[in-house]
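Sequences listed follow chains A and B, in order.
Note that this note's numbering gives residue 259 to position 259 of the first sequence, counting from 1, and the numbers run on in steps of one.
Note that this note's numbering gives residue 728 to position 256 of the second sequence, counting from 1, and the numbers run on in steps of one.
Hint data in this document are derived by calculation from the structure and do not stem from the laboratory.
Take the hints with a grain of salt, since some may be wrong.
Unchecked claim - Quick list of in silico lysine-lysine cross-link-like pairs, DSSO-like style, CA-CA up to 30 Å:
| id | chain 1 | residue 1 | chain 2 | residue 2 |
| --- | --- | --- | --- | --- |
| 1 | B | K723 | A | K258 |
| 2 | A | K370 | B | K723 |
| 3 | A | K258 | B | K730 |
| 4 | B | K831 | A | K251 |
| 5 | B | K723 | A | K359 |
| 6 | B | K831 | A | K370 |
| 7 | A | K370 | B | K833 |
| 8 | A | K361 | B | K842 |
| 9 | A | K54 | A | K429 |
| 10 | B | K842 | A | K270 |
| 11 | A | K370 | B | K730 |
| 12 | A | K94 | A | K189 |
| 13 | B | K867 | B | K566 |
| 14 | A | K280 | B | K842 |
| 15 | A | K370 | B | K742 |
| 16 | A | K370 | B | K752 |
| 17 | B | K842 | B | K723 |
| 18 | A | K258 | B | K833 |
| 19 | A | K359 | B | K842 |
| 20 | B | K730 | A | K361 |
| 21 | B | K723 | A | K361 |
| 22 | B | K901 | B | K566 |
| 23 | A | K277 | B | K842 |
| 24 | A | K157 | A | K429 |
| 25 | B | K833 | B | K542 |
| 26 | B | K730 | A | K251 |
| 27 | B | K723 | A | K251 |
| 28 | B | K749 | A | K370 |
| 29 | A | K251 | B | K833 |
| 30 | A | K251 | B | K842 |
| 31 | A | K258 | B | K842 |
| 32 | A | K370 | B | K842 |
| 33 | B | K831 | B | K542 |
There are 2 protein chains.
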Amino acid sequence: MTTKVTAAVEFAQENKGRFVEELKELLRIPSISTDPERAGDVRRAAEFVAAELKRIGMENVRLIETSTAKHPSGHPLVYADWLHAELAADGKPKPTVLCYGHYDVQPAEPLDEWKSPPFEPTERDGNLYARGAVDDKGQMWMHVKGLESLMVAGGGKLPVNVRVIVEGEEEVGGEGIASYVRTHGEQLKADVALVSDTEMFAAELPTLCVGLRGMIYTEIEARGARTDLHSGMYGGAAPNPFVALSQVIAKLKDEDGKILIPGFYDNVEKPTDAELKAWKALPFDEEHYRESEVGSISLTGEPGLSVLERTWARPTLDVHGMPGGFIGAGAKTVIPAKAVAKVSMRLVPDMTPAESFAKYKAYVESLTPKGIVLEVRLIHSGDPIVVSTDNEFVKAATEAMREVFGKETVFVRGGGSIPIVGDFVRELKTPTVMMGFGLPDDNLHAPNEKFHLANFHRGIESIVRFLSGVGG
Amino acid sequence: MTTKVTAAVEFAQENKGRFVEELKELLRIPSISTDPERAGDVRRAAEFVAAELKRIGMENVRLIETSTAKHPSGHPLVYADWLHAELAADGKPKPTVLCYGHYDVQPAEPLDEWKSPPFEPTERDGNLYARGAVDDKGQMWMHVKGLESLMVAGGGKLPVNVRVIVEGEEEVGGEGIASYVRTHGEQLKADVALVSDTEMFAAELPTLCVGLRGMIYTEIEARGARTDLHSGMYGGAAPNPFVALSQVIAKLKDEDGKILIPGFYDNVEKPTDAELKAWKALPFDEEHYRESEVGSISLTGEPGLSVLERTWARPTLDVHGMPGGFIGAGAKTVIPAKAVAKVSMRLVPDMTPAESFAKYKAYVESLTPKGIVLEVRLIHSGDPIVVSTDNEFVKAATEAMREVFGKETVFVRGGGSIPIVGDFVRELKTPTVMMGFGLPDDNLHAPNEKFHLANFHRGIESIVRFLSGVGG
Numbered sequence: 001m002t003t004k005v006t007a008a009v010e011f012a013q014e015n016k017g018r019f020v021e022e023l024k025e026l027l028r029i030p031s032i033s034t035d036p037e038r039a040g041d042v043r044r045a046a047e048f049v050a051a052e053l054k055r056i057g058m059e060n061v062r063l064i065e066t067s068t069a070k071h072p073s074g075h076p077l078v079y080a081d082w083l084h085a086e087l088a089a090d091g092k093p094k095p096t097v098l099c100y101g102h103y104d105v106q107p108a109e110p111l112d113e114w115k116s117p118p119f120e121p122t123e124r125d126g127n128l129y130a131r132g133a134v135d136d137k138g139q140m141w142m143h144v145k146g147l148e149s150l151m152v153a154g155g156g157k158l159p160v161n162v163r164v165i166v167e168g169e170e171e172v173g174g175e176g177i178a179s180y181v182r183t184h185g186e187q188l189k190a191d192v193a194l195v196s197d198t199e200m201f202a203a204e205l206p207t208l209c210v211g212l213r214g215m216i217y218t219e220i221e222a223r224g225a226r227t228d229l230h231s232g233m234y235g236g237a238a239p240n241p242f243v244a245l246s247q248v249i250a251k252l253k254d255e256d257g258k259i260l261i262p263g264f265y266d267n268v269e270k271p272t273d274a275e276l277k278a279w280k281a282l283p284f285d286e287e288h289y290r291e292s293e294v295g296s297i298s299l300t301g302e303p304g305l306s307v308l309e310r311t312w313a314r315p316t317l318d319v320h321g322m323p324g325g326f327i328g329a330g331a332k333t334v335i336p337a338k339a340v341a342k343v344s345m346r347l348v349p350d351m352t353p354a355e356s357f358a359k360y361k362a363y364v365e366s367l368t369p370k371g372i373v374l375e376v377r378l379i380h381s382g383d384p385i386v387v388s389t390d391n392e393f394v395k396a397a398t399e400a401m402r403e404v405f406g407k408e409t410v411f412v413r414g415g416g417s418i419p420i421v422g423d424f425v426r427e428l429k430t431p432t433v434m435m436g437f438g439l440p441d442d443n444l445h446a447p448n449e450k451f452h453l454a455n456f457h458r459g460i461e462s463i464v465r466f467l468s469g470v471g472g
Numbered sequence: 473m474t475t476k477v478t479a480a481v482e483f484a485q486e487n488k489g490r491f492v493e494e495l496k497e498l499l500r501i502p503s504i505s506t507d508p509e510r511a512g513d514v515r516r517a518a519e520f521v522a523a524e525l526k527r528i529g530m531e532n533v534r535l536i537e538t539s540t541a542k543h544p545s546g547h548p549l550v551y552a553d554w555l556h557a558e559l560a561a562d563g564k565p566k567p568t569v570l571c572y573g574h575y576d577v578q579p580a581e582p583l584d585e586w587k588s589p590p591f592e593p594t595e596r597d598g599n600l601y602a603r604g605a606v607d608d609k610g611q612m613w614m615h616v617k618g619l620e621s622l623m624v625a626g627g628g629k630l631p632v633n634v635r636v637i638v639e640g641e642e643e644v645g646g647e648g649i650a651s652y653v654r655t656h657g658e659q660l661k662a663d664v665a666l667v668s669d670t671e672m673f674a675a676e677l678p679t680l681c682v683g684l685r686g687m688i689y690t691e692i693e694a695r696g697a698r699t700d701l702h703s704g705m706y707g708g709a710a711p712n713p714f715v716a717l718s719q720v721i722a723k724l725k726d727e728d729g730k731i732l733i734p735g736f737y738d739n740v741e742k743p744t745d746a747e748l749k750a751w752k753a754l755p756f757d758e759e760h761y762r763e764s765e766v767g768s769i770s771l772t773g774e775p776g777l778s779v780l781e782r783t784w785a786r787p788t789l790d791v792h793g794m795p796g797g798f799i800g801a802g803a804k805t806v807i808p809a810k811a812v813a814k815v816s817m818r819l820v821p822d823m824t825p826a827e828s829f830a831k832y833k834a835y836v837e838s839l840t841p842k843g844i845v846l847e848v849r850l851i852h853s854g855d856p857i858v859v860s861t862d863n864e865f866v867k868a869a870t871e872a873m874r875e876v877f878g879k880e881t882v883f884v885r886g887g888g889s890i891p892i893v894g895d896f897v898r899e900l901k902t903p904t905v906m907m908g909f910g911l912p913d914d915n916l917h918a919p920n921e922k923f924h925l926a927n928f929h930r931g932i933e934s935i936v937r938f939l940s941g942v943g944g
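All chains should be built: construct the whole structure from the sequences, respecting the hints.
Now the structure itself:
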């Protein structure tokens, strides 16, 4: 076995340049799942991934359509498997690993802040810059290239059984895959899921993510007058939807960042003392984080809690945009008929999206300003999760990363959400190993997203070693 | 003289169809002064107006450039005059009337709410629909057509001396004309200014506007993090500019609509008891106004004051748009680095833009939320004014409109701002007659702007009679 691992690692090493060029080709496809006009590009990315899975020797490769009457804009899933692993020495079947990733990306706006165009992948200083470089095309491509390396080294065989599922709606809530997991769960049956859509805690520090916040993403629409009105003639009589939304938003959080929705914190589970102690030991300097990562004059959030606690283990609320009215250059004196606030909340165990949304909606409605009609909509949601660290797969992952990085792995949580991880845990009872190779300054969801190429290659080697390790 | 008035009115009557077709041609030019990309169209509109003034026999017709180093995007003024009126019977020179209008228009967004395209003028039910139909191309064209009718009836002579000034920056603050008035005031020397950029109080009710609110149009820019951040990873630590702006805006007005800026009401002059009494006598039903004009579930504004008092004689504050962040369809979980609120305030006598802005800016800055840097910018401003009703020109206007409408003229104020009227009063000491023919439901600055064509024609006749009346 060791020989095969070495051969696979060598193959990956020798093909580094090609792997990166292939990734660039994938990154050139603007598969922005949130933009209906990009549906064709999203599908093109799915076909690109499927073709490569087929080429490297995976079987049953196919696109699974997710559009339904209720979800007409669904993007396809890419499925593949290879289920012929030899029995173990003790005669038992080898485990099955479910490799998950997503081929869709966030919108690239604001475009003028990119140093090189978001869909023209560009190498600078050992990094590959492009929308989706690390989230998640680059990390998903590590899986594909790890499997290719093992296939070649194994003469067409893998050390474990593998299923691959790659979705195209992660950035829009993952409704298609969630529905597939609920209705066709047996097709994804596995002993462990491998997800590479998280980041390392710091450069050179191998990291496993064992907890994720959930979320509810909402819109509040405020409607006042029937049509847009002139603020000269109607100012003083017509309700103003932006003022109304501002009044509502100002009451959602206090000035320290504590959320004011009644009962919102009821089910918040505190991290264990051991976890809190481990977090304190991590190499993290709040002032350096403020200066180099956030770049604001000061940080915000609940007083008395560390940044890691606030971003990993506390619910938070953010406003992402307020469409409506006049947003061009100069002055237009309009009182818009309506305006919208895009508001999301991050959730932690044991909060649930349904209960959290119900409390939020009732509270927002209770704040309705005079003259205004409010509509509160849930756009999508995901469960918060915590993964047990006490199992053989987590140990295999730890071991694989120690071999590649020469260091002990740290356990962290993530502030973001990967809704499908919650579904794997809840629907499939599949434990998940979240082995990610992004860096904290990779600009996910922001201009100038990048992937540190050394981590792309170490990711491939870690995956080769992890799959070999799980295969015994 | 009466014969000439009759002849001019008859000429206007006979040429109704042509006058409307010419106006349509002007309305097809998208002279949106706020949009730098439309600068060519704005100039084309100026040239169109200048050509017609020349054709009808006005003299010294020319475009006056307003661009300067400080104001590089200035749009041209159109100037014309005819200063050869015969002496009056008593040997004194006839008065000079300064006809003012503007050929620029508001942006047309949101485009999908227009029933016919904003720059394809369309007649429906006796109305002409187009951006600028009534504000102010249609009303400015009444001046041109009134002058044409008098010229023809007078055999190439007018009953008074006339200067015409038409600007192209009214919708962006009128910096060009304001500067011209300050530096070349003698070129616009006149005994009275005639402005048709207001509305009638109700259909069939001849109206003179004798007061206008002023305004300050501002932007508040809130900056938090250095770059856009992912709300999963940074929510709970990074400042959110939209939340910050909401907190600020929520403190600018209380929930009744009273402005909370310290000292903001210090110089507010109450209308006289006579004025308040006259306003009460106007045909105005607040419930009908709410239902048919505003269309909201209730009206807003300071309690205990009538709608007319609130919109004519009280300062107000509105938010017009909040650019920044993610405003597309669906969900993007970004904490934007910055966001802007477009906030304007209407001012009443004796408030001044400079003092009001200073108080506003100091107050907004005092509200700066944690982690945020605020920048408060003044985009443009205009003085509030009240015109004395006790002069011969107002009487001539009243008389002209009574002849056309067969009814007594009412005196009202306007809630909107026409900055140049303040400049005429302050810089040129020229009293202004604001004789407008718009209707309250003409959708100024909103989709489906229109001009009731009967009022276009009555406006032309009123102007013919007014200019003849002023000429004795």
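Going through the hints against the structure:
1. B:K723 with A:K258: With Cα atoms ~19 Å apart, K723 (chain B) and K258 (chain A) stay inside 30 Å; holds.
2. A:K370 with B:K723: holds, 16 Å
3. A:K258 with B:K730: holds, 28 Å
4. B:K831 with A:K251: holds, 25 Å
5. B:K723 with A:K359: Holds. K723 (chain B) to K359 (chain A) sits at ~25 Å (cutoff 30 Å).
6. B:K831 with A:K370: Status holds; Cα separation ~27 Å.
7. A:K370 with B:K833: holds, 27 Å
8. A:K361 with B:K842: holds, 27 Å
9. A:K54 with A:K429: holds, 28 Å
10. B:K842 with A:K270: At roughly 26 Å apart (the allowed maximum being 30 Å), K270 (chain A) and K842 (chain B) satisfy the hint.
11. A:K370 with B:K730: holds, 13 Å
12. A:K94 with A:K189: holds, 13 Å
13. B:K867 with B:K566: holds, 17 Å
14. A:K280 with B:K842: Holds, because 25 Å separates the two Cα atoms, which is no more than 30 Å.
15. A:K370 with B:K742: holds, 26 Å
16. A:K370 with B:K752: holds, 25 Å
17. B:K842 with B:K723: holds, 15 Å
18. A:K258 with B:K833: holds, 28 Å
19. A:K359 with B:K842: holds, 27 Å
20. B:K730 with A:K361: holds, 28 Å
21. B:K723 with A:K361: Within the cut-off at roughly 23 Å; holds.
22. B:K901 with B:K566: holds, 18 Å
23. A:K277 with B:K842: Within the cut-off at roughly 28 Å; holds.
24. A:K157 with A:K429: holds, 27 Å
25. B:K833 with B:K542: Holds. K833 (chain B) to K542 (chain B) sits at ~23 Å (cutoff 30 Å).
26. B:K730 with A:K251: Since the Cα atoms of K730 (chain B) and K251 (chain A) sit roughly 19 Å apart, the hinted pair holds (cutoff 30 Å).
27. B:K723 with A:K251: The given pair, whose Cα atoms are some 11 Å apart, holds under the 30 Å limit.
28. B:K749 with A:K370: Given pair K749 (chain B), K370 (chain A) holds - Cα atoms ~28 Å apart, limit 30 Å.
29. A:K251 with B:K833: holds, 23 Å
30. A:K251 with B:K842: The given pair, whose Cα atoms are some 16 Å apart, holds under the 30 Å limit.
31. A:K258 with B:K842: Judged against 30 Å, a Cα distance of about 13 Å means the pair holds.
32. A:K370 with B:K842: holds, 29 Å
33. B:K831 with B:K542: holds, 26 Å
The structure meets every hint from the earlier list without exception.
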